[in-house]
Structure formats: structure tokens, C-alpha cells
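A.B. asks: The chain contents come next:
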Amino acid sequence: AQRVTQPEKLLSVFKGAPVELKCNYSYSGSPELFWYVQYSRQRLQLLLRHISRESIKGFTADLNKGETSFHLKKPFAQEEDSAMYYCALTDGGATNKLIFGTGTLLAVQP
Amino acid sequence: GEEVAQTPKHLVRGEGQKAKLYCAPIKGHSYVFWYQQVLKNEFKFLISFQNENVFDETGMPKERFSAKCLPNSPCSLEIQATKLEDSAVYFCASSQSGGRAQPQHFGDGTRLSIL
Numbered sequence: 001a002q003r004v005t006q007p008e009k010l011l012s013v014f015k016g017a018p019v020e021l022k023c024n025y026s027y028s029g030s031p032e033l034f035w036y037v038q039y040s041r042q043r044l045q046l047l048l049r050h051i052s053r054e055s056i057k058g059f060t061a062d063l064n065k066g067e068t069s070f071h072l073k074k075p076f077a078q079e080e081d082s083a084m085y086y087c088a089l090t091d092g093g094a095t096n097k098l099i100f101g102t103g104t105l106l107a108v109q110p
Numbered sequence: 001g002e003e004v005a006q007t008p009k010h011l012v013r014g015e016g017q018k019a020k021l022y023c024a025p026i027k028g029h030s031y032v033f034w035y036q037q038v039l040k041n042e043f044k045f046l047i048s049f050q051n052e053n054v055f056d057e058t059g060m061p062k063e064r065f066s067a068k069c070l071p072n073s074p075c076s077l078e079i080q081a082t083k084l085e086d087s088a089v090y091f092c093a094s095s096q097s098g099g100r101a102q103p104q105h106f107g108d109g110t111r112l113s114i115l
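Here the protein sequences come in this chain order: A and B. Those letters in the first sequence? Residues 1 to 110, by my numbering. Those letters in the second sequence? Residues 1 to 115, by my numbering.
The following block holds chain B by itself, in its conformation from the complex:
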């Protein structure tokens, strides 16, 4: 598609439940990024992919967070045993290539609420 598509728009989970978010990058874009936006508008980088390979996972809380980008499927971000602090808006972005000046195109985000 011509836009990054994220689903669902909103997701509500009880503490301790699993949450799974999806992202379809723009067709032809080979890089995918996940960011977490918490209160005060701070964006935190989580992970990036080059096609189906993890490119940078330095921002991922590895104990409960995992992500995948498989061929012919939307990318996914999964949180096991969610905690209240996971409540945030999760943004996915894609870029055509990996150059530093390449713009990233963002999806609408998924608002995750942990009760």
C-alpha cells in the first residue's frame, strides 16, 4: 500500500495479558521501525528490521517484548505479560532504504491501554 497501516487502532488488555500489534509497511520499503510514545510525547525507539532481519534491537525490553517481520505478512510487535507501564501509543514507520537521510513514513499508531 501507499501508507503504513497499523492495526488495531486501540487495544485494551488487563495487566498480565498478551498484546499483539501489527504493521504493514509501504510497499517497496525494506526498513521497518517501531517506536513507543509514552506521556509527555517522548518517543522511544524499540526495534528496526531490514526486510525480515532484525537490524537494531537496542531499544527492546527483551524480557517481554518480541517482534517479527516475516515475508508476505504484516510485521508484528508482541508484548507478553503486559504491565501498566506498557500503556502507550506504538508507532510503526517504514523507509525505502537504510540511508541516514532517508525519511521515515509513519502509521497512525496503536494505542495500547493496560488496565
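Bound-form chain A, shown alone:
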């Protein structure tokens, strides 16, 4: 069954430190993976998707099929990066519903 695992509920780092939010998935086939972010009192919004290979707000994520991972990275954390981060993949059927991980709360300390 398709599954997304985010092993860390909370990740606390200091401003300027590197950040890596872990995401592992279970999927048979070629997955479509996304990172969504939810800032305090704001709606869930798309941060990036692996198909675009883009960098948004300094974040990148590389799909590693061998390790079935899609970790989110940023070299230097900023206080405004503090938010809830969700990794998700699209279901393999025809319906493209999202399967979410349980999220990681990133807290960037000054």
C-alpha cells in the first residue's frame, strides 16, 4: 500500500543552521511527490514538487528511488521558515488523491 512516513514530529534548529526534513515513501511504480507547508494561521500551500526540480524559498528536495526518500533540505534556516511541513504523494490509481505524511513541525530558533 502507498504510504508516506515523516519520522520527526518536531525539528528544532537555530537560525543559519542547515535543515533536513525527512520523508520516506512506499509506492509501487514511479511516484509523484510533493512538499506542502502550513505557516501559522495560514492555509496549506504547495512548497515544491519533484517533477519541477525547482528551488522555492531556498528549499530543495531530491527524489532518491533507491532509498525511497524525498527529503526536504535548506542550507541556512531562517526564522520565517518555522511552519508545519507535509510530504505527500499522489495515489497510483486514476484518482490522484494525495496521501500525506503526519507532518514535521520545524521550529527555527533565533
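Heads up, a few of these hints could be off.
[To be verified] Taking lysine to aspartate or glutamate pairs in the EDC-like style, the calculated list, with each CA pair at most 16 Å apart, reads:
(1) B:K44 x B:E57
(2) B:K44 x B:D56
(3) B:K18 x B:E3
(4) B:K44 x A:D91
(5) B:K9 x B:D108
(6) A:K9 x B:E42
[Unchecked claim] Between beta-carbon pairs, the in silico distance windows are:
(7) A:R41 x B:E15: 20 to 30 Å
(8) A:G29 x B:V54: 41 to 51 Å
(9) B:P8 x A:S26: 30 to 40 Å
(10) A:Q45 x B:N51: 40 to 50 Å
(11) A:R41 x B:K27: 38 to 48 Å
(12) A:Q42 x B:K44: 20 to 30 Å
(13) B:L84 x A:T60: 34 to 44 Å
(14) A:I51 x B:S113: 30 to 40 Å
(15) B:G16 x A:K65: 22 to 32 Å
To be clear, the hints were calculated from the coordinates, so they are not data collected in a lab. Every residue gets a Cβ at the ideal spot worked out from N, C-alpha and C, and that includes glycine.
Model the placement of chain B on the given structure of chain A, informed by the hints.
C.D. replies: Relative to the frame of chain A, chain B by itself:
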């Protein structure tokens, strides 16, 4: 509109009452999704629509939950005879098309509290 609009923001109902939630997708988006977020941040897919047609309803508890997307009206999610376990935040999302790589755009959610 340019954002998914969900109403109301909060809804409080007594156990056994009916609850109805609304979602207006982004203009031009033909797919609508409903998700339920309960404690521990777990999102559960409920149902999706392609325009006014049900696309996937595999996540819907069919006994009490129903949903519609009618032309020229917001989509709706209705829960009959609510139970305490229905307390959750219900998110609606829309996407432009049905491709697997298509991003879904989320509304602010409706927080449903069953007392």
C-alpha cells in the same frame, strides 16, 4: 476566485445533528477534493469530483456522509447524524486537471466540533 474558499470557518453541532460544509474551487479548476484532518495531523481522503461528477469516493463513510458539486454552486459536504468522532478539520482542494503531477490548492478548512 483565485483561492479555494471554504465556509464556514467553524461549525459547532450537537451529536446527532446535521452539518453542511461548503467549498468554492478556484475558477477554471475542474477537480475538487475533500480531506478530513483529525488529531495527530493525519489527513484522510474522503471524495473527489471531476466537475459535477464523482471521481473517487473510496474514502467516504457512505452511511452518513454525502457530497455534491453542482454547476454554478459551491461544492458541499454533508454529514447526517453527526458523531463525536466526526470532529475534525475538513479541507477542500482543487486542481486544474486530473494529472498525477498536478498540484492541489487548498482552502483554509472548516473546523467541525461535535459536542
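A.B. asks: Between R41 of chain A and K27 of chain B, does the beta-carbon spacing fit 38 to 48 Å?
C.D. replies: violated (25 Å)
A.B. asks: For the hint 20 to 30 Å, verify it against the beta carbon of Q42 of chain A and that of K44 of chain B.
C.D. replies: holds (21 Å)
A.B. asks: Going straight from one Cα to the other, do K18 of chain B and E3 of chain B come out at no more than 16 Å?
C.D. replies: violated (27 Å)
A.B. asks: Given the proposed pairing of K44 of chain B with D91 of chain A, does the C-alpha separation stay at or below 16 Å?
C.D. replies: holds (12 Å)
A.B. asks: Would the pair K9 of chain A and E42 of chain B pass a check requiring their Cα atoms to be no farther apart than 16 Å?
C.D. replies: Holds, at roughly 12 Å.
A.B. asks: Hinted pair, alpha-carbon criterion (16 Å max): K44 of chain B, E57 of chain B. Please report holds or violated.
C.D. replies: Roughly 12 Å between the alpha carbons, so the hint for K44 of chain B and E57 of chain B holds.
A.B. asks: Starting from the hint 30 to 40 Å, judge whether the C-beta atoms of P8 of chain B and S26 of chain A obey it.
C.D. replies: holds (37 Å)
A.B. asks: Between L84 of chain B and T60 of chain A, is the Cβ distance one that fits in 34 to 44 Å?
C.D. replies: Holds - the Cβ-Cβ distance for L84 of chain B and T60 of chain A, about 42 Å, lies within 34 to 44 Å.
A.B. asks: For I51 of chain A and S113 of chain B, compare the CB-CB distance with the range 30 to 40 Å and indicate the outcome.
C.D. replies: holds (38 Å)
A.B. asks: Is 20 to 30 Å a correct range for the gap between the Cβ atoms of R41 of chain A and E15 of chain B?
C.D. replies: For E15 of chain B against R41 of chain A, whose Cβ atoms are near 29 Å apart, the range 20 to 30 Å holds.
A.B. asks: Check whether the Cα positions of K44 of chain B and D56 of chain B lie no farther apart than 16 Å.
C.D. replies: holds (13 Å)
A.B. asks: Measure nothing beyond the straight line between the CA atoms of K9 of chain B and D108 of chain B; if it is 16 Å or shorter, mark the hint as holding.
C.D. replies: holds (8 Å)
Consistency note: the structure conflicts with the earlier hints numbered 3, 8, 10, 11 and 15.
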